[in-house]
Structure formats: C-alpha cells, structure tokens
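Protein chains in written order, with our numbering: chain A, 255 to 479; chain W, 0 to 300.
Take these hints with a grain of salt, some might be off.
[What the hints assert, rightly or not] Derived contacts from chain A toward chain W, CB cut-off under 7 Å, selection only:
(1) 327
(2) 329
(3) 332
(4) 360
Derived by calculation from the structure, the hints in this document are not laboratory data. Just so it is clear, CB atoms sit at the ideal spot from N, CA and C, and this is done for glycine as well.
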Amino acid sequence: MIRLENVSKMYGSEIPAVRDASFDIAKGDFVFLVGPSGSGKSTLLRLINRQERPERGNVWVAGRNINEMASSQVPYLRRTMGNVFQDYKLLPNKTVFENVAFALEVIGKPKHVIGHQVPQVLELVGLSGKEDRFPHQLSGGEQQRVSVARAFVNRPLILLADEPTGNLDPATGEGIMQLLEAINRTGTTVVMATHDHRVVNAMRRRVIQLDRGVIVRDQERGVYE
Amino acid sequence: MIQRLSYAIRETIASFRRNVTLSVAAVITSAVSLLLVGTTFLIQRAFDNLLVQWRGDVGMIVFVRPDVAPDALTLIEQNLKSQPNVIDVDKVEYLDKTASYEEAKRVFAGDPTTLSLLSVETIPSQFKVVPKTTDPELVRSLADQYRTLPGVAGVSLAEDEFDVISTLSGFVRTVTIGMSLVLLAVAVILIWNTIRTAIFARRREIEVMKLVGATDWFIRVPFILEGLIQGLVGAVVSCGGLWALNSAWTSGVAGFKPGTGVSSLVVPGSYVNGVMIVLLIIGAVAGGVGSGVASSKFLDV
Chain A
255 MIRLENVSKM
265 YGSEIPAVRD
275 ASFDIAKGDF
285 VFLVGPSGSG
295 KSTLLRLINR
305 QERPERGNVW
315 VAGRNINEMA
325 SSQVPYLRRT
335 MGNVFQDYKL
345 LPNKTVFENV
355 AFALEVIGKP
365 KHVIGHQVPQ
375 VLELVGLSGK
385 EDRFPHQLSG
395 GEQQRVSVAR
405 AFVNRPLILL
415 ADEPTGNLDP
425 ATGEGIMQLL
435 EAINRTGTTV
445 VMATHDHRVV
455 NAMRRRVIQL
465 DRGVIVRDQE
475 RGVYE
Chain W
0 MIQRLSYAIR
10 ETIASFRRNV
20 TLSVAAVITS
30 AVSLLLVGTT
40 FLIQRAFDNL
50 LVQWRGDVGM
60 IVFVRPDVAP
70 DALTLIEQNL
80 KSQPNVIDVD
90 KVEYLDKTAS
100 YEEAKRVFAG
110 DPTTLSLLSV
120 ETIPSQFKVV
130 PKTTDPELVR
140 SLADQYRTLP
150 GVAGVSLAED
160 EFDVISTLSG
170 FVRTVTIGMS
180 LVLLAVAVIL
190 IWNTIRTAIF
200 ARRREIEVMK
210 LVGATDWFIR
220 VPFILEGLIQ
230 GLVGAVVSCG
240 GLWALNSAWT
250 SGVAGFKPGT
260 GVSSLVVPGS
270 YVNGVMIVLL
280 IIGAVAGGVG
290 SGVASSKFLD
300 V
C-alpha cells in the first residue's frame with residue numbers, strides 16, 4: 255500500500271530530515287513511527303500525503319509513484335487518505351456536523367451522500383447527539399474524535415495520524431486508540447507517528463523507529479523501548 | 000455542479016462580509032479609476048466632434064452655396080485643381096449635401112437649435128482641401144482668392160479653428176489616460192490585497208481543504224469570484240457616475256449660445272452606452288486578473 259525506496263528529504267541545504275528511508279507497509283497494516291521530536295516522523299507522513307517531495311528516492315502509494323504524479327492529480331491522491339493531527343485542525347466556526355461534512359462537500363459529494371455518511375461516522379466515533387456543538391464546546395478527546403470522523407468519513411485506504419494522543423490524558427488517548435484500531439479493522443491502513451510509550455507498548459504492533467532522520471529499527475509487534 | 004456553484008457563491012458572500020472595509024475600498028478605487036477611464040473616452044469623443052470636419056490633414060474647407068449652379072461648382076473644382084504646388088490635388092474631396100448634413104449632425108450634436116435650421120436642402124456642400132505647403136500665408140492668400148469665386152459661401156482655415164483645440168485635446172488625453180492608468184493599477188493592487196487578506200483569514204480552512212483533497216480550482220474559484228465582483232461592482236458604480244456626469248454636461252452645454260464651438264462637445268447616449276459596456280468589461284477583467292494572480296500566488300500550501 256505504501257512503499258518508500260531510499261527516500262531522503264532535506265530541509266535547507268545541510269540537515270537531512272529523513273535519510274535513505276526504505277520500508278513497505280501492506281494493506282491493512284497498523285504501523286507506529288516512533289522516535290524523539292525532530293527525528294523525522296512527521297516528515298515521513300508529509301512525504302506520504304505529498305505535502306513534501308523528497309530530494310532522492312521514490313514514494314509509492316497504492317501502486318503509484320507519487321513523486322512523478324502531476325500536481326493536478328494530488329487532490330485525488332489525498333482523497334484516498336485521511337489525516338489526524340495533534341492539534342485536531344478543526345474549523346472553529348463550524349459545528350461538529352459541518353466540520354465532518356466539509357470534507358465531503360469540498361470534494362463535491364452530493365448532499366444526500368453527506369446526509370447519509372456523516373451521521374454514520376459520528377456514531378462510529380461516539381459523538382451522536384453532539385452534531386450541533388462547536389469545537390470550543392467539546393473536550394480535547396471529543397475534538398479529536400471529530401477529527402478522526404472527518405478523516406474517515408470518506409472511507410480512505412490510508413489513515414495518517416500525527417501524534418493524535420499528544421494533547422490528551424492517558425485515558426482519553428486510549429479511547430482514541432481504540433477508535434483507530436476499529437478503523438484499522440475495517441481494512442484501512444493506519445500509520446501513526448507518536449512518542450507515547452504507553453500507547454505503543456499496549457498495542458504491540460509494527461514499530462518503525464527513527465533517530466535523526468534514519469530508520470534504526472523496523473520490528474513486527476514491537477515496543478517503544 | 001449546482002452544488003459547487005452554490006458553495007462558491009456562499010463562500011464569496013461570506014468573505015465579502017468578513018472584509019467589509021477592504022472590499023469597500025477596493026470597490027471605490029475601481030469605481031473612481033473606471034470613471035476616469037470613461038471620462039477620458041467621452042472627452043476624446045467630444046473633441047472628435049469638433050475635429051471631425053478636419054480629419055485627415057484637411058487644412059481648408061471651401062463651403063459652396065446650396066443653390067450653386069453646376070458650372071459654378073465645376074469652376075470651383077477646376078480652380079482648386081489648378082494649384083498643384085499649394086494643394087494636394089489628389090486629396091481634394093467633395094462632400095455633397097447629404098454627406099455634409101451627416102457631418103453637421105456630429106458638429107452640432109449639442110446644439111439642436113442650429114441643427115434644426117439645417118436640412119439636406121439648405122446645407123452648404125463643401126470641398127475639403129489638404130494643403131501641400133507648410134507656409135500658412137500661402138494658404139491664407141489662396142483662401143482669400145477662393146472667397147471671391149461665384150457660388151462660394153465661405154472658406155474656413157484649420158489654423159483658425161482647429162489647431163488650439165487639437166493641441167488641447169492631445170494634452171487632455173495624455174493627462175486623463177495617465178491618471179486613469181495609475182488609478183486602475185491602484186484598484187488592481189487593492190483587489191489583490193483584499194484577496195490576500197481573505198486567503199490569510201481562511202488559511203486553516205484552506206489547509207484542511209487541501210488535505211481532504213479539494214482541487215486547486217475548487218479552492219480558488221470563490222476568491223476569483225470575489226475579486227471579479229469587486230471589479231464589477233466598481234464598474235457599475237462608475238457607470239452611474241459617468242451617466243450623471245454626461246447628463247449634467249449635456250444640459251449644461253444646452254445653456255450656451257448656439258453657434259459657439261462648445262455645443263459640439265456633446266456625446267450621444269449610444270456612445271455613452273458603449274463606453275459603459277467597455278467599463279464593465281475592464282472592471283470585471285481587472286478584478287478577475289488581480290484576484291486570480293493573488294489566489295494562485297498565496298494558495299500554495
């Protein structure tokens with residue numbers, strides 16, 4: 255599903271954010287990218303959704319080399335992925351329903367599809383009954399659930415999560431992880447960058463560890479260390 | 000498709016509301032600059048009315064009595080053509096009564112009293128003469144000579160009627176075109192800046208849109224529409240101003256004594272309508288281009 259071949263990404267001219275990274279993630283996998291801040295986890299995610307392009311190497315998503323993809327095709331690539339962030343990135347002037355619906359609206363989905371899919375996904379993330387709240391009226395955990403709902407409402411092949419539990423207390427974070435697991439069970443490939451030991455150790459999934467831009471460990475059913 | 004259109008329109012209106020002061024500034028600037036552009040057109044046209052008689056280097060006009068005998072007319076023509084050193088004989092042009100009347104309609108556009116005294120039957124026909132020589136004295140003495148010919152109603156010289164106006168018209172044109180170009184540039188920059196502010200205000204939204212896979216055009220269209228509407232609204236306002244200005248001028252000129260040159264400086268309504276359409280197009284294009292450039296420049300997330 256996702257494949258990196260000797261990928262290097264520089265910021266500026268000297269410091270490599272990612273150096274010679276290669277890995278293969280199969281469809282339906284759940285993978286943690288771990289490592290300290292600045293080790294290149296976020297950059298790897300940004301390379302996969304083509305917010306960044308590497309200086310060297312190739313990134314393949316669903317059988318397509320996305321570095322050679324025309325810019326006009328990138329929106330269609332992104333429709334096959336959902337993104338979840340540490341700071342949720344919700345739109346403050348829109349309600350829960352509108353925030354999730356927005357993701358479908360801007361890719362031109364008709365109204366009846368939106369009216370059908372949004373309540374469904376809100377139920378999945380446990381936010382039924384809170385459709386009309388605004389983000390500032392929700393707890394951090396609930397806001398993150400909205401963000402997950404928005405990422406998943408279009409049934410993406412891949413879900414990219416960047417420190418989704420970073421701003422949450424352990425119990426709330428656990429709830430989000432259960433949600434991501436549930437999404438993973440539907441066949442969606444999940445790639446999650448984190449430095450949350452508890453989460454990684456509790457799940458025992460594949461772990462790719464980075465240190466200063468270099469992959470130092472790639473282990474099935476790994477722990478954080 | 001309809002859904003996308005309604006989305007774009009909704010976003011455009013919302014953005015307009017968010018940036019009321021900047022939008023109003025952009026609209027006013029484009030209105031003022033377009034008004035100046037329009038005024039330039041009208042002034043030019045008004046001067047053209049005055050100068051229409053003298054178009055094409057005509058230096059002397061010999062007016063012929065409407066009741067002239069055919070052989071007197073031939074005599075005048077022969078006289079003109081017998082001066083190949085002073086007159087460009089190939090360019091001597093005879094305007095018969097019908098053609099002269101058509102021309103008079105423009106010359107006396109703002110002077111209906113005078114125009115009503117004229118008709119195809121009573122109007123003098125005319126020879127338009129392009130002098131070869133640059134010596135004004137030679138042309139003048141020739142004019143004096145023609146005045147004595149039978150059938151000639153009068154002779155006008157460009158030097159007397161035309162040169163001052165021609166210089167004035169050139170000067171006014173340069174100034175007004177220069178000013179309107181500067182103001183138009185200011186309008187485009189203001190629209191550009193309004194769009195940049197609008198994009199900045201919505202940068203979080205745009206980031207989310209990009210991440211969920213909205214196409215660039217989908218994101219861009221509301222902004223381009225916003226700029227285009229600002230330009231267009233400015234143009235509509237300027238059209239109103241132009242219409243008011245022209246009406247005031249036309250009724251003001253009507254107060255002048257008939258027969259003075261000022262009465263030619265009136266522009267017919269059909270021409271004003273044409274200018275308005277041009278202003279609307281310029282406004283829409285300037286707004287669309289300004290916002291289009293701004294949106295492709297600042298939407299790069």
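Right, here's what the structure says about each hint:
Interface restraint check: residue 327(A) against chain W, minimum CB-CB distance 10 Å, threshold 7 Å, status violated. Given the 7 Å rule on beta carbons, the hint for residue 329(A) holds: about 4 Å separates it from the nearest Cβ of chain W. Proximity of residue 332(A) to chain W holds as hinted, the smallest CB-CB distance being about 4 Å (cut-off 7 Å). Annotation: interface hint on residue 360(A) holds; nearest CB of chain W at approximately 4 Å, less than 7 Å.
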